[in-house]
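> Under the working numbering, the residues of the sequence shown are numbered 39 to 238, in order.
Keep in mind that the hints were calculated from the coordinates and are not lab data.
Please note that a few of the clues may not be correct.
Said to hold, decoys possible - EDC-like cross-link-like pairs, simulated, lysine to aspartate or glutamate; straight-line CA separation at most 16 Å: (1) Lys68 with Asp45; (2) Lys129 with Asp45; (3) Lys136 with Glu226; (4) Lys149 with Glu135; (5) Lys216 with Asp140; (6) Lys123 with Asp51; (7) Lys123 with Glu200; (8) Lys147 with Glu135; (9) Lys216 with Asp206; (10) Lys129 with Asp146; (11) Lys123 with Asp45; (12) Lys68 with Asp146.
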Amino acid sequence: MTFTLPDLPYAHDALQPFMSKETLEYHHDKHHLAYVNNGNNAIKGTEFEGKSLEEIVKGSYGKNAAVFNNAGQHYNHLHFWKWMKPNGGGKIPGALEKAIVDSFGSVDKFKEDFIAAGVGQFGSGWAWLEVKGGKLAISKTPNGENPLVHGGTPILGVDVWEHSYYIDYRNRRPDYLKAFLESLVNWEYVAELHGAAAKG
């Protein structure tokens, strides 16, 4: 398959003031596009041509850095844009909220641990809420890695590469992560992924 850059599911200015139009123009239109273009070039003539994105991510991990880095980031960003919405945050759908409370004790504890994972990721990377072994877990990964290559299924991820927040928050990564959870997350999409992962 050929990677293509999806349109954002909202206008570039729709996530303001928590994520600016300028951030989305750089992050989506330039950074994500570069992963798409570089990924397509890296895959040409390799065993990964014609495979699904998930197969490429899992198959190239530890074997082909150029393919993996771009395929991983393409996968991560395809979901990242959908993990946010205008007027996001707010109430978590019932079944997902119950699973979060069962796994972490409370929604507040989940948020605290998720933010800690994002703050604690040294350098570029991601923080995740994943389904692993039938339970919810929080993890963090460097660069373009995601839970797929560690036996998990990501249902929420936040990008902590500097280009995702530096225009708006400078070095205040904790403030960005708090704004992401409280004002940007599309919990309906997270719940949809959780439902699919729980069945799988």
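> Output the indices of the hints that this structure fails to meet, ascending.
Violated hints: 2, 5, 7, 12; rest satisfied.
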